[in-house]
Amino acid sequence: MARADGSTATLPVDVTLIGETVSTVLESREGTPGRPVCALWHRWLAGHLRLLSPIAVEQAPRWGDPKRTALVEATAEAVTQALEDGLPADRHAAYVHVQKLARECRGLLGLVLDQPGDGR
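Counted the way this note's numbering counts, the sequence shown spans residues 193 to 312.
To be clear, the hints were calculated from the coordinates, so they are not data collected in a lab.
Any given hint could turn out to be false.
[As the list claims (entries may be wrong)] If you anchor each label on the Cβ, the simulated ranges turn out as follows:
no., residue 1, residue 2, range
1, 255, 284, 35 to 45 Å
2, 226, 292, 16 to 26 Å
3, 305, 265, 31 to 41 Å
4, 306, 209, 17 to 27 Å
5, 272, 232, 37 to 47 Å
6, 219, 259, 27 to 37 Å
7, 224, 255, 17 to 27 Å
8, 222, 263, 19 to 29 Å
9, 223, 257, 36 to 46 Å
10, 211, 277, 33 to 43 Å
Virtual Cβ for every residue (Gly too), placed ideally from N, Cα, C.
Please build the complete structure, drawing on both the sequences and the hints.
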């Protein structure tokens, strides 16, 4: 995978693990998971997002699209802020919070894996 600097160093991204985490958090279920489950998911997603955000920001300029670069940078900033804010105390709010993080994680993973000129 090419990096923004043109190197082809392997990126430290476990696509399968990240995908499984996102799928677990976003799967349809009855009821709201308890806060301890959401706290576990939050830790998993925080690790994935702390890995993906800087890679996505680093790679964004390769697209040559300032709007796309600005969107990636804004997403990374929003993710950083959401992680700093932490998991809400209310279990329903905690569940919504981890679902939002999972969607951001899925989006950043897609950006990291997307290659210019591959038809996407």
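Output the indices of the hints that this structure fails to meet, ascending.
As far as the earlier hints go, 3, 5, 7, 8 and 10 are violated by this structure, in ascending order.
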